[in-house]
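Number of protein chains: 2
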Amino acid sequence: MKRLLRALSGEAVWPPPVWLMRQAGRYLPEYRAVRAGVKDFVALCTTPELAAEVTLQPIRRYGFDAAILFSDILMLPWALGHGLEFKEGEGPVLPKLRDEAAVAALDPARVAEKVAPIMETVRLVRSGLVREGFAETTLIGFAGAPFTVACYMVEGGGSKDFAAVRGMAYSRPELFQQLMNVLTDATIEYLSAQVIAGAEALMLFDSWAGVLSPSLFRAHVIAPAARIVAALKERHPGVPLIGFPRLAGVMTLDYAATGVDAVGVDTGSDIAAVAAMLPAHVAVQGNLDPLAVVAGGKAMEAEAMGILNAMRGRPFIFNLGHGIVPQTPPEHVAALLELVRAG
Amino acid sequence: MKRLLRALSGEAVWPPPVWLMRQAGRYLPEYRAVRAGVKDFVALCTTPELAAEVTLQPIRRYGFDAAILFSDILMLPWALGHGLEFKEGEGPVLPKLRDEAAVAALDPARVAEKVAPIMETVRLVRSGLVREGFAETTLIGFAGAPFTVACYMVEGGGSKDFAAVRGMAYSRPELFQQLMNVLTDATIEYLSAQVIAGAEALMLFDSWAGVLSPSLFRAHVIAPAARIVAALKERHPGVPLIGFPRLAGVMTLDYAATGVDAVGVDTGSDIAAVAAMLPAHVAVQGNLDPLAVVAGGKAMEAEAMGILNAMRGRPFIFNLGHGIVPQTPPEHVAALLELVRAG
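Here the protein sequences come in this chain order: H and V. So the number in our numbering is just where the residue sits in the first sequence, counting from 1, plus 46. So the number in our numbering is just where the residue sits in the second sequence, counting from 1, plus 46.
In case anyone wonders, no lab produced these hints; they're calculated from the structure. Treat the hints loosely; a few may be bogus.
Chain copies aren't distinguished; within one or between two, either way the pair holds.
[Stated by the list, open to error] When the alpha-carbon atoms are kept at most 20 Å apart in a straight line, the in silico EDC-like pairs for lysine to aspartate or glutamate are as follows:
(1) K160 / D86
(2) K133 / E159
(3) K48 / E182
(4) K160 / E235
(5) K344 / E220
(6) K85 / D118
(7) K206 / E134
(8) K279 / D118
What you are looking at is a predicted structure, and each value in this text was computed from that prediction instead of being measured.
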């Protein structure tokens with residue numbers, strides 16, 4: 047079994063498997079070269095040859111233990127018929143979903159067709175990994191978790207405090223639950239299609255889970271994740287799931303009860319403290335500060351060694367605690383990999 | 047002893063004392079009326095009659111158990127000679143502190159004179175509380191914690207990810223430590239002056255503590271808080287301190303070892319889980335979601351009752367988990383107070 051899959055099955059693989067969130071991206075010159083030739087970000091995500099190419103770039107350069115499908119968490123609402131535009135320097139811009147009509151306008155029936163190019167990307171990456179000799183590299187598919195996707199749909203983009211989506215969850219609980227149900231069902235189909243196309247593991251990104259009060263966290267982070275995990279385990283036994291409820295803090299233990307095989311830990315958490323809370327068979331993934339990789343040198347070494355020393359003997363996947371940032375020098379990533387592989 | 051001070055001394059006062067972060071502010075029409083007559087926010091903070099007036103407004107309206115000095119966490123860097131401007135709709139704008147010269151330019155010697163009007167506000171509020179018959183209301187003084195203040199100084203304002211300040215902490219640790227030392231020393235003097243002027247309890251706001259990796263959290267959140275607590279306990283025995291390391295998550299237990307009398311809990315945390323981690327004599331303050339107060343009605347009631355039921359029998363201060371937001375209907379605050387006072 048591949049190293050990453052062994053860790054996800056509960057084995058303390060050492061040195062630990064390693065990959066980095068957003069490992070395909072703007073810090074790599076070869077990525078910027080591809081990106082320069084495409085009109086927009088959605089086009090990049092829906093052109094299988096290009097999306098597969100950028101997925102493979104960091105594997106060729108660093109030999110990570112996982113390739114993660116190059117896509118975006120907002121491709122699912124896009125496939126549901128919700129608008130999506132990426133504006134330079136502004137991030138994603140979407141229509142603001144605020145009423146029943148907007149939920150009713152979401153069209154799950156069209157998703158399969160619209161995400162077909164993404165499934166083609168999955169197939170191309172899987173065959174590309176074999177063809178290029180990366181037999182040990184695991185292909186991870188992913189989706190945004192329903193709450194985080196709902197955040198962008200309700201707010202119409204990013205937000206400092208996500209007041210509109212939290213307000214809707216409190217003041218219009220039935221409307222918000224309708225939206226969450228549509229997104230949860232669509233996420234199950236979307237992730238299942240990725241497995242059928244060749245994804246060997248799945249990850250659910252709940253980037254904004256931490257803005258919710260505990261009761262809303264249980265209703266809109268834990269409950270949908272549990273439903274997604276159960277459905278996927280039934281359809282695809284043996285395909286592991288990594289959940290990443292960012293900023294969940296003390297709620298991480300409750301989250302682990304969703305049945306995920308691994309929990310992603312964010313930069314701000316003490317990974318040893320989180321690991322100590324979790325059942326021993328649940329793998330932990332994380333959590334180097336991306337800014338430590340920008341700094342490199344002794345600061346990066348101290349941070350990385352702290353994590354490695356704390357996780358030795360535990361099912362663990364080395365990763366960042368947040369996506370790698372564009373200003374990261376690629377040679378710092380190479381130095382990081384050396385550290386991790388020396389264990 | 048006043049109800050709030052009893053809770054801070056480790057007593058399970060019931061119904062719990064209650065106040066709200068940013069209880070003096072834009073959601074109150076009487077605040078907006080005062081604010082409309084002042085040229086800028088700094089002027090409001092440095093005009094004792096007006097700052098005292100807005101501090102007292104929510105006490106008159108709701109009879110909270112605490113009045114918190116109306117000021118801003120950035121008044122300390124302002125007093126150190128660092129620039130500060132509040133731009134409409136943009137938040138604070140400061141010069142970006144990036145080198146040794148900028149740290150050397152900070153002038154602790156001028157702080158006492160520059161904060162003199164703020165100390166006059168403290169005196170006016172304290173006498174105003176007595177004169178207006180609020181004999182049970184505790185006056186809380188406060189400061190931003192050094193790390194959070196450094197965030198704004200290095201970034202030049204708010205930030206999505208505080209990459210510059212985190213980068214400085216990793217790449218220029220000596221420079222950053224110099225800045226932290228200046229801020230920590232100045233914070234001790236500033237809080238001590240507030241006690242001398244009449245503050246009966248103190249609060250340290252570390253709003254951005256959660257962006258730090260655990261090692262940086264220990265160095266720049268816990269260590270300075272421990273130094274501030276020790277110095278103030280020595281100078282002013284019996285004056286309790288509330289620490290609020292926002293988004294500290296699993297690091298909250300480490301934070302409690304600073305010696306604070308109470309820990310503020312943010313909206314995203316399960317207050318029962320946090321309280322269970324802490325020593326029984328440490329009071330807990332929090333953590334209703336401000337958006338639940340905007341929603342009001344059943345949603346607010348369910349959230350508030352969940353917190354009250356979890357905290358019964360423990361030293362506890364009811365509060366929000368983040369500042370009250372401008373769109374909050376004042377009558378929802380009145381309804382909340384009724385709930386809390388019914389226990």
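Quick rundown of the hints versus the structure:
1. With identical chains, the CA atoms of K160 and D86 are at most 20 Å apart within one copy only, with a shortest distance of 17 Å there and 52 Å across copies.
2. For the homomeric pair K133 and E159, neither the shortest alpha-carbon distance inside one copy (25 Å) nor that between copies (48 Å) is at most 20 Å.
3. Proximity of K48 to E182 under the C-alpha cut-off of 20 Å is restricted to the intra-copy arrangement: shortest distance 5 Å within a copy versus 66 Å between copies.
4. In this assembly of identical chains, K160 and E235 lie within 20 Å of each other by CA distance solely inside one copy; the values are 13 Å within and 62 Å between copies.
5. Taking the closest pair of Cα atoms, K344 and E220 come within 20 Å of each other only across two copies (13 Å); inside a single copy the shortest separation is 52 Å, beyond that limit.
6. Proximity of K85 to D118 under the C-alpha cut-off of 20 Å is restricted to the intra-copy arrangement: shortest distance 16 Å within a copy versus 45 Å between copies.
7. With identical chains, the CA atoms of K206 and E134 are at most 20 Å apart both within one copy (18 Å) and between copies (16 Å).
8. Within a single copy, K279 and D118 get their C-alpha atoms no closer than 23 Å, and across copies no closer than 51 Å, so neither meets the 20 Å cut-off.
When the structure is compared with the earlier hints, violations turn up for hints 2 and 8 and for no others.
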